[in-house]
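Novice: Letter by letter, the chains look like this.
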Amino acid sequence: MIKLNNVNKTYFTDKIETIALHNISLEVETGEFVSIMGPSGCGKSTLLNIIGLLDKPNEGSITLEQENVEQYKEKQLAKIRNEKIGFIFQGFHLIPELRVIDNVELPLLYRKISSKKRRELALEALEKVGLSARSHHFPSQLSGGQQQRVAIARAITGKPSLLLADEPTGNLDSHMGDEIMQILEDLNKNENTTIIMVTHDDDEAKRTDRLIRVFDGQLIH
Amino acid sequence: MFKNYLIIALKVFQKRKFFTFINLFGIVLTMSVLVVGLTLLENYIYPGHAEKNHDNMLSVSYLRALNKERTQSSSSDPGYYFLNKYVKPLKSADKVSIFSSPRMVSVYLDGQQVKSRMRLTDADYFSILDFNFKQGSAYQQDDFEQGRSVAVINQHTKSLLFNDGNAIGEKIKFDEKVFTVVGVVDNVSLLEQDAYSDIWVPYTTAPSSSYKTDFMGGWGALIYVDSEDKRQFIQSEYINALKNHFEPYASTGSDTVYATVYSTADTKFSRLARDINNSRTFDTGDDQLLLMLGLIAIAFMLLPSINMINLNVSRILERSTEIGVRKSFGASSGHLVIQFLIENILLTLIGAAVSLIISIGILEYIEYLGLIPYAELSINTSVVVITLVLSIFFGTLSGIYPAYRMSKLNPVIALKGAA
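Top to bottom, those sequences are chains A and B.
The first sequence begins at 1443 in my numbering and counts up one residue at a time.
The second sequence begins at 450 in my numbering and counts up one residue at a time.
Any given hint might turn out to be false.
Claimed, not checked - Chain B regions said to be covered by chain A (calculated; three or more residues, Cβ under 8 Å):
| id | stretch |
| --- | --- |
| 1 | 542-556 |
| 2 | 774-784 |
| 3 | 791-797 |
Said to hold, decoys possible - Here are the computed distance ranges between Cβ atoms for each label pair:
| id | chain 1 | residue 1 | chain 2 | residue 2 | range |
| --- | --- | --- | --- | --- | --- |
| 4 | A | 1469 | B | 865 | 26 to 32 Å |
| 5 | A | 1648 | B | 865 | 27 to 33 Å |
| 6 | A | 1634 | B | 452 | 42 to 48 Å |
Unchecked claim - Derived DSS-like pairs: lysine-lysine, alpha-carbon spacing no greater than 30 Å straight-line:
| id | chain 1 | residue 1 | chain 2 | residue 2 |
| --- | --- | --- | --- | --- |
| 7 | B | 583 | A | 1601 |
| 8 | A | 1631 | A | 1515 |
| 9 | A | 1648 | A | 1631 |
| 10 | B | 661 | A | 1554 |
| 11 | A | 1559 | B | 452 |
| 12 | A | 1517 | B | 517 |
| 13 | B | 620 | B | 583 |
| 14 | B | 464 | A | 1457 |
| 15 | B | 517 | B | 534 |
| 16 | B | 679 | A | 1521 |
| 17 | A | 1558 | A | 1445 |
| 18 | A | 1515 | A | 1570 |
| 19 | B | 452 | A | 1515 |
| 20 | B | 661 | B | 564 |
| 21 | B | 452 | B | 466 |
| 22 | B | 452 | A | 1648 |
| 23 | A | 1570 | B | 460 |
| 24 | A | 1521 | A | 1445 |
| 25 | A | 1445 | B | 620 |
| 26 | A | 1554 | A | 1601 |
| 27 | B | 583 | B | 540 |
| 28 | A | 1570 | A | 1457 |
| 29 | B | 517 | A | 1558 |
| 30 | A | 1601 | A | 1631 |
| 31 | B | 534 | A | 1601 |
| 32 | B | 564 | A | 1558 |
| 33 | B | 661 | A | 1517 |
| 34 | B | 452 | B | 464 |
No lab work stands behind these hints: they were computed from the structure.
Even for Gly, the Cβ is constructed at its ideal location relative to N, Cα and C.
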């Protein structure tokens, strides 16, 4: 599904050089549910951003579904993100001005499909997270857990093969966090969606197929 | 996608009320001035009343004469003598009318005195210009040739003198002479310079025939052609006549002998161009006027554009999370540029719509104050279209750079809201 080979990422500021990732090689199979753990600032999010093609490594190669994306231009990367990857953020990042349904439709705006089809797919995704009744609400009218479910619906509405979740339960209480985990597990089992999730919670990590630990920008085996 | 962009745009405007107000204020102020200016220009260049056949007309309203040594020159509107000798005989013209500039007269009726503008004309004047007769008709060629004391008055003068009654056959007195009213026409705006007046009478009724020897001053001519194609031909014919066949003219009352003259047969636009450019040759400077109008419009729009660019760039931070989310889900830079441009253009279009409404008010106020006598200033379709096109240009101009900056944000940094 996704393969990282000797990936290095260093950030440069005026005089400081910060190594975020060092020689990361990693392979995730299709249908796997992988969790990434590590202390704050160890490079978990950077790793997730590189897997999600939001950030580029300084060295190393990334292969996504047999495609080497190393030399891809911004427009090509945007297309892959749109079709193959779904993102779930800790802070939900819903657009407050848009209704739930319009938020969920967002990834489909960048595909050549009719508005009717967009609506159908968005409602289908909302149904999967149990929020079709709230489709015309605004994000501010929903609880944190509901907002994260909307964010999941947005991530899956384009039927991506890879879901990247950056601490999806980080802003939620344990009950709501459990609901979110349940949805992710269902997506993984029922739809064979590959999921890579950054978490701080050992219990959540235990519910995934594999745990990857990151420390000081390196994988710990 | 478009609907989504519009919703976002409208919500952003609602949410950022002060920002929207500041931006709209700049746009509305600029666009209102432009709309009012454009309407006045449009009403002048494309008159809709007596001069509505302007495409078939050319006007001779300027004359500059120089002595042989080119040390002395005079310029003003032409005199009757000049027009009769060099414009009237133009072979390609279908009709030529010579008429005086309007001057103020005191009109008396039953002890009542009214100040009005009066113009001396020939009979062809009424066949070239398309006056709307409310009562009676124009004086005829026979009236003109016989020097009959007949007059056409406008609706305003009729209301002052005869209220709502019939004015035809009534007598009015001015310049120590009694005239019989034969026609009443709709008021004609000052913007229709050759038609504008309150009273028109045959110039054969003038108390003295001294005007016949006037080389300069006080008169104008209209040339009518039955097809627009002939206009350019006439213009060349007239210039050639002045260049090749002008006979030196000894000015009365001075030693000056005019050896060279400059005058042109103008369209409405070229007449305006000459007035504004103060052109003193055969070239009225149409291109310069067009360039100048374009530059004024751009310079005028540049200020609020800079204001909008500034505000938009400073708002990148506010929108960075949204930009990050959109990029994460597959928006390319192109998608984002289009989104923010649509937002900006929508704002300028709203500004343009508000400006059009405000401009209607300003134009009505100008009419109410009588700043341009008898003007009926309405915003027509072409002004609306030009305003909308300008606002789209304006929206693009002020939106493209901030949109480009926003689209180039690194998604990771944008998602942290730290752009």
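Novice: Now, for every hint given, state plainly whether the structure supports it.
Specialist: Hints versus structure:
| no. | hint | verdict |
| --- | --- | --- |
| 1 | 542-556 | violated (count 0) |
| 2 | 774-784 | holds (count 11) |
| 3 | 791-797 | violated (count 0) |
| 4 | 1469/A - 865/B: 26 to 32 Å | holds (28 Å) |
| 5 | 1648/A - 865/B: 27 to 33 Å | holds (29 Å) |
| 6 | 1634/A - 452/B: 42 to 48 Å | violated (33 Å) |
| 7 | 583/B - 1601/A | violated (75 Å) |
| 8 | 1631/A - 1515/A | violated (33 Å) |
| 9 | 1648/A - 1631/A | holds (16 Å) |
| 10 | 661/B - 1554/A | violated (78 Å) |
| 11 | 1559/A - 452/B | holds (15 Å) |
| 12 | 1517/A - 517/B | violated (73 Å) |
| 13 | 620/B - 583/B | holds (18 Å) |
| 14 | 464/B - 1457/A | violated (40 Å) |
| 15 | 517/B - 534/B | holds (20 Å) |
| 16 | 679/B - 1521/A | violated (61 Å) |
| 17 | 1558/A - 1445/A | violated (36 Å) |
| 18 | 1515/A - 1570/A | violated (34 Å) |
| 19 | 452/B - 1515/A | holds (28 Å) |
| 20 | 661/B - 564/B | holds (26 Å) |
| 21 | 452/B - 466/B | holds (21 Å) |
| 22 | 452/B - 1648/A | violated (43 Å) |
| 23 | 1570/A - 460/B | holds (28 Å) |
| 24 | 1521/A - 1445/A | holds (19 Å) |
| 25 | 1445/A - 620/B | violated (104 Å) |
| 26 | 1554/A - 1601/A | holds (15 Å) |
| 27 | 583/B - 540/B | violated (34 Å) |
| 28 | 1570/A - 1457/A | violated (49 Å) |
| 29 | 517/B - 1558/A | violated (82 Å) |
| 30 | 1601/A - 1631/A | holds (14 Å) |
| 31 | 534/B - 1601/A | violated (87 Å) |
| 32 | 564/B - 1558/A | violated (71 Å) |
| 33 | 661/B - 1517/A | violated (79 Å) |
| 34 | 452/B - 464/B | holds (18 Å) |
Hint compliance for this structure: hints 1, 3, 6, 7, 8, 10, 12, 14, 16, 17, 18, 22, 25, 27, 28, 29, 31, 32, 33 are broken, all remaining hints hold.
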